[in-house]
Amino acid sequence: RSSPSALLEISGPGVSKASTLELCCAERGISPEEVVAFGDMPNDVEMLTWAGTSYAMGNAHPAVIAAASGRTVANNEDGVAVVIEKILAERL
Numbered sequence: 001r002s003s004p005s006a007l008l009e010i011s012g013p014g015v016s017k018a019s020t021l022e023l024c025c026a027e028r029g030i031s032p033e034e035v036v037a038f039g040d041m042p043n044d045v046e047m048l049t050w051a052g053t054s055y056a057m058g059n060a061h062p063a064v065i066a067a068a069s070g071r072t073v074a075n076n077e078d079g080v081a082v083v084i085e086k087i088l089a090e091r092l
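Under my numbering, the first residue of the sequence shown is numbered 1, with each subsequent residue one higher.
To be clear, the hints were calculated from the coordinates, so they are not data collected in a lab.
On a predicted model such as this, the values are computed, not experimentally measured, just so you know.
Backbone N, C-alpha and C fix where the C-beta goes; we use that ideal spot for every residue, glycine too.
Please note: incorrect hints may appear among the correct ones.
Below are the SDA-like pairs computed for lysine to any residue, each with C-alpha atoms no more than 20 Å apart in a straight line [to be verified]: (1) Lys86 / Asn76; (2) Lys17 / Asn43; (3) Lys17 / Thr53; (4) Lys17 / Glu27; (5) Lys86 / Gly70; (6) Lys17 / Val80; (7) Lys86 / Gly58; (8) Lys17 / Ser69; (9) Lys86 / Ala6; (10) Lys86 / Val35; (11) Lys17 / Ala6; (12) Lys17 / Asp40.
Label-pair ranges, simulated between beta-carbon atoms [what the hints assert, rightly or not]: (13) Asn75 / Thr20: 17 to 25 Å; (14) Ala66 / Leu92: 26 to 34 Å; (15) Pro42 / Val80: 13 to 21 Å; (16) Ala74 / Gly14: 30 to 38 Å; (17) Glu90 / Pro32: 31 to 39 Å; (18) Glu90 / Ser31: 14 to 22 Å.
The whole structure should be built from the sequences, with the hints applied where relevant.
Shown next, in the form of structure tokens:
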């Protein structure tokens, strides 16, 4: 559950965004170096450090900014799309 002042996420022991991403990637033969992850809250830090490339959103918590390898603009400014467009433009 999320609100402007609080966020509640519940998962089983040992389950995190990072562990789930790692499992999904392993099933598909994708290495961490091939993964680009985005985050804004402390519950994203483990995932960001697992991924080969990581971005903190413009509105991210300071712990996320410290953990990420890059930054993009805020969620409401389409920060994820900005990075994806940049990556695709560099590859074309």
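Outcome of the hint check:
1. Lys86 / Asn76: Status holds; Cα separation ~18 Å.
2. Lys17 / Asn43: holds (8 Å)
3. Lys17 / Thr53: Given that 20 Å is the threshold and the Cα spacing comes to 15 Å, the pair holds.
4. Lys17 / Glu27: holds (15 Å)
5. Lys86 / Gly70: Holds, at about 13 Å.
6. Lys17 / Val80: holds (17 Å)
7. Lys86 / Gly58: holds (16 Å)
8. Lys17 / Ser69: Since the Cα atoms of Lys17 and Ser69 sit roughly 17 Å apart, the hinted pair holds (cutoff 20 Å).
9. Lys86 / Ala6: violated (32 Å)
10. Lys86 / Val35: holds (15 Å)
11. Lys17 / Ala6: Cα-Cα ~19 Å, so holds.
12. Lys17 / Asp40: holds (13 Å)
13. Asn75 / Thr20: 17 to 25 Å: Once the Cβ atoms are compared, 21 Å apart, the range 17 to 25 Å for Thr20 and Asn75 holds.
14. Ala66 / Leu92: 26 to 34 Å: holds (32 Å)
15. Pro42 / Val80: 13 to 21 Å: holds (19 Å)
16. Ala74 / Gly14: 30 to 38 Å: Hint holds: Cβ distance 31 Å, inside 30 to 38 Å.
17. Glu90 / Pro32: 31 to 39 Å: violated (20 Å)
18. Glu90 / Ser31: 14 to 22 Å: holds (19 Å)
Checked against the numbered hints above, the structure breaks hints 9 and 17 and satisfies the rest.
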